[in-house]
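Here the protein sequences come in this chain order: A and B.
Add 1201 to a position in the first sequence, counting from 1, and you land on the number used in the numbering used here.
Add 1201 to a position in the second sequence, counting from 1, and you land on the number used in the numbering used here.
These aren't lab readings, by the way, just hints derived from the structure by calculation.
Every residue, glycine too, gets a C-beta built ideally from N, C-alpha and C.
Incorrect hints may appear among the rest.
Only some residues are given here: those of chain B computed to face chain A with a beta carbon under 10 Å [said to hold, decoys possible]:
(1) E1219
(2) L1252
(3) L1289
(4) G1290
(5) L1291
(6) R1307
(7) I1361
2 protein chains.
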Amino acid sequence: MATKNNSSNPALQTVVPEVVIQRLPLYVRVLSQFSNSGHDVISSEQLGQQLQMTPAQIRKDLSYFGRFGKQGRGYDIAMLERQLRTILGLDRTWNVAVIGMGRLGRAVVSYPGFAPEGFKIVSAFDSDDKIIGMDVSGLVVQSTASLAATVKKLDIKIGIVTVPIAHAQSVIDSLVKAGIKSILNYAPLSPQVPSGVMVRGVDPVLSLQSMTYYIR
Amino acid sequence: MATKNNSSNPALQTVVPEVVIQRLPLYVRVLSQFSNSGHDVISSEQLGQQLQMTPAQIRKDLSYFGRFGKQGRGYDIAMLERQLRTILGLDRTWNVAVIGMGRLGRAVVSYPGFAPEGFKIVSAFDSDDKIIGMDVSGLVVQSTASLAATVKKLDIKIGIVTVPIAHAQSVIDSLVKAGIKSILNYAPLSPQVPSGVMVRGVDPVLSLQSMTYYIR
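Excised from the complex, chain A in its bound form (with noise of 0.2 Å):
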């Protein structure tokens, strides 16, 4: 996965490392499956197993955020899965807009788990006359030339780049100008940000590109 990190907030970067980070959203899916089946109480040994990591390695992750769990106890599930949604930004709603409705943006716009998971998808844009104002899961596609002043209006957060890889790099550029500092990029490319802007990639070939090491 391509990741960009230049963090507006060094000081936090240099307390917990980045992969620490990347790995919380999956305590708390954890934490939430264990929860739904009727669970309590979880050990480092439970999460670990679940996680593919040993649990050393989930008590010193979690340990950069203070004393979770009772020794031989294990952590209060419901606790633990509330204090790191806090940690990480998970207790309130943010607007998303999602850039470029070709097929890959309308499934985007149409995915049901962005919401359940406070992150509110309020507009869509493409460049292409043809596509501005339809109507995509109940938002009417709006032309780019508008994004700033849709950024600001909705306190949009944060971008989602669906555009063609010729045109990423340029819409990137505009999100940034706009005020995002967060975006969620789905073109195969590692675009140029400046300091103060995280770009994360979804891009399901780098994750092909690294198993097939395994099986080749």
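With chain A held as given, fit chain B onto it using these hints.
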């Protein structure tokens, strides 16, 4: 990104950390971009700048695989790209099956980024009688009941799972039973797989959830 690694080759993993393997496709991409723009040689500084890594980290990553560069001269782009592709198993074609022909699955099958990188989607599956038999980007959707036979017949080595979360674990079980050892999973869960099977997750929600930490 949810990543599970129960590789069948622990010796290789001991030698090369998985995080290094996961970065190699990014190297290949940047080398290819530089090559396409007419460059012959690249320094670890230039590579590092593109990938937001230090030159020392680049040199350390590559040192796992031998000596590629000459001190003070940089890397021969064409040679390094070719060698990394061989290391990653990207010097051949891999046959791929996609299971789940809802909106996401259809977007995956029609995504133009797989084939040029050697990932050939040769069959598409669904369990819904209304979808079986449909044409999706030139493939006739087959019943998941014929998964094992088709995997064998077409020498499929990679499965891409695009079914809803409720069916993901059982579809992954079927893939494993059919002999697939590399699975790309789009469903938002951490599936359990036996040792020797590798699952990588493509999960935009997890990526978003670890970015909000920095902007919360």
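Each hint tested on the structure:
1. For the restraint placing E1219 (chain B) at the interface with chain A, the shortest Cβ-Cβ distance is roughly 8 Å, inside the 10 Å limit, so the hint holds.
2. With a cut of 10 Å, the hint placing L1252 (chain B) at the interface with chain A holds, because the nearest CB-to-CB distance is about 7 Å.
3. A distance limit of 10 Å between C-beta atoms decides the matter here; for L1289 (chain B) the minimum to chain A is near 5 Å, and the interface restraint holds.
4. Against a cut-off of 10 Å between C-beta atoms, the interface hint on G1290 (chain B) holds, since the closest Cβ of chain A lies about 3 Å away.
5. The criterion of a C-beta within 10 Å of any C-beta in chain A is met by L1291 (chain B), whose closest approach is roughly 6 Å, and the hint holds.
6. Interface restraint check for R1307 (chain B): the shortest CB-CB distance to chain A comes to about 8 Å, inside 10 Å, so the restraint holds.
7. Look at I1361 (chain B): its Cβ gets to within about 7 Å of chain A, closer than 10 Å, so that hint holds up.
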